[in-house]
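Please construct the entire structure, taking both the sequences and the accompanying hints into account.
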Amino acid sequence: QKEVEQNSGPLSVPEGAIASLNCTYSDRGSQSFFWYRQYSGKSPELIMSIYSNGDKEDGRFTAQLNKASQYVSLLIRDSQPSDSATYLCAVISGANNLFFGTGTRLTVIP
Amino acid sequence: DAGVIQSPRHEVTEMGQEVTLRCKPISGHNSLFWYRQTMMRGLELLIYFNNNVPIDDSGMPEDRFSAKMPNASFSTLKIQPSEPRDSAVYFCASSGTGRNQPQHFGDGTRLSIL
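Top line first, the protein sequences correspond to chains A and B. The numbering used here puts the first residue of the first sequence at 249, with every later residue one more than the last. The numbering used here puts the first residue of the second sequence at 29, with every later residue one more than the last.
Don't read these hints as lab results, they were simulated from the structure. Every value quoted in this text rests on a predicted model; they were computed, and no experiment measured them. Wrong hints could be hidden among the right ones.
As the list claims (entries may be wrong) - Quick list of in silico lysine-lysine cross-link-like pairs, DSBU-like style, CA-CA up to 30 Å:
(1) LYS52/B <-> LYS290/A
(2) LYS96/B <-> LYS304/A
(3) LYS96/B <-> LYS250/A
(4) LYS290/A <-> LYS106/B
(5) LYS315/A <-> LYS304/A
Have a look at this one:
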């Protein structure tokens with residue numbers, strides 16, 4: 249079992265819609281969770297971090313964490329074509345090791 | 029603040045040649061990570077350093093790969109001899125002191141072994 253699992257997609261949403269990206273993790277003791285955005289040909293860029301159960305909002309982005317279900321998600325409201333990218337879920341587990349999911353490719357259709 | 033700086037941005041070389049990738053972490057960060065990314069395998073952690081000391085190199089694929097961090101501001105990843113299957117994008121990332129710090133990535137080196 250992989251440490252972090254994501255649906256690889258592709259996920260397509262129309263412009264203005266809400267994009268929902270999901271991630272599950274295997275280590276129940278994990279404490280830190282991150283979402284990275286990676287444009288094609290570019291490096292991963294940190295966009296959200298979350299450490300406590302519940303929601304964390306930053307502009308059009310909302311990260312949701314449910315430790316009991318070992319589930320973390322990212323919602324993108326009012327999706328824009330510029331949001332089209334691969335979104336990587338990352339979880340710190342064990343001895344401060346950061347594990348990445350394989351990423352979900354999002355396409356926002358104008 | 030300057031981000032993580034990697035060089036070269038692109039490298040094309042023939043199999044059997046030695047390849048050296050370089051990384052300068054963000055000033056003040058004490059952890060440095062080397063990753064490899066391919067379409068098939070995604071982002072893989074190769075090795076990471078804490079305070080210039082290698083902590084976990086279990087991701088290094090084989091003895092042809094080696095990494096060093098002689099000081100807090102410089103690290104190298106070396107492949108000798110290189111093989112076509114080593115072709116990938118290699119990222120360096122750094123993070124600050126303390127647990128649970130996010131990593132910040134450099135722009136990567138796109139390596140092609142012919």
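The hints, checked one at a time:
For the proposed pair LYS52/B and LYS290/A, the alpha carbon gap of about 18 Å is at most 30 Å, so the pair holds. Of the supplied pair hints, the one linking LYS96/B and LYS304/A is violated, its CA atoms being roughly 38 Å apart against a limit of 30 Å. Proposed proximity of LYS96/B and LYS250/A is supported: the alpha carbons are some 28 Å apart, at most 30 Å. Of the pairs offered as hints, the one joining LYS290/A and LYS106/B holds, with about 22 Å between alpha carbons and a cut-off of 30 Å not exceeded.
Restraint check for LYS315/A and LYS304/A: the C-alpha separation of about 14 Å stays at or below 30 Å, so the hint holds.
In terms of the numbered hints stated before, the structure departs from hint 2 and from no other.
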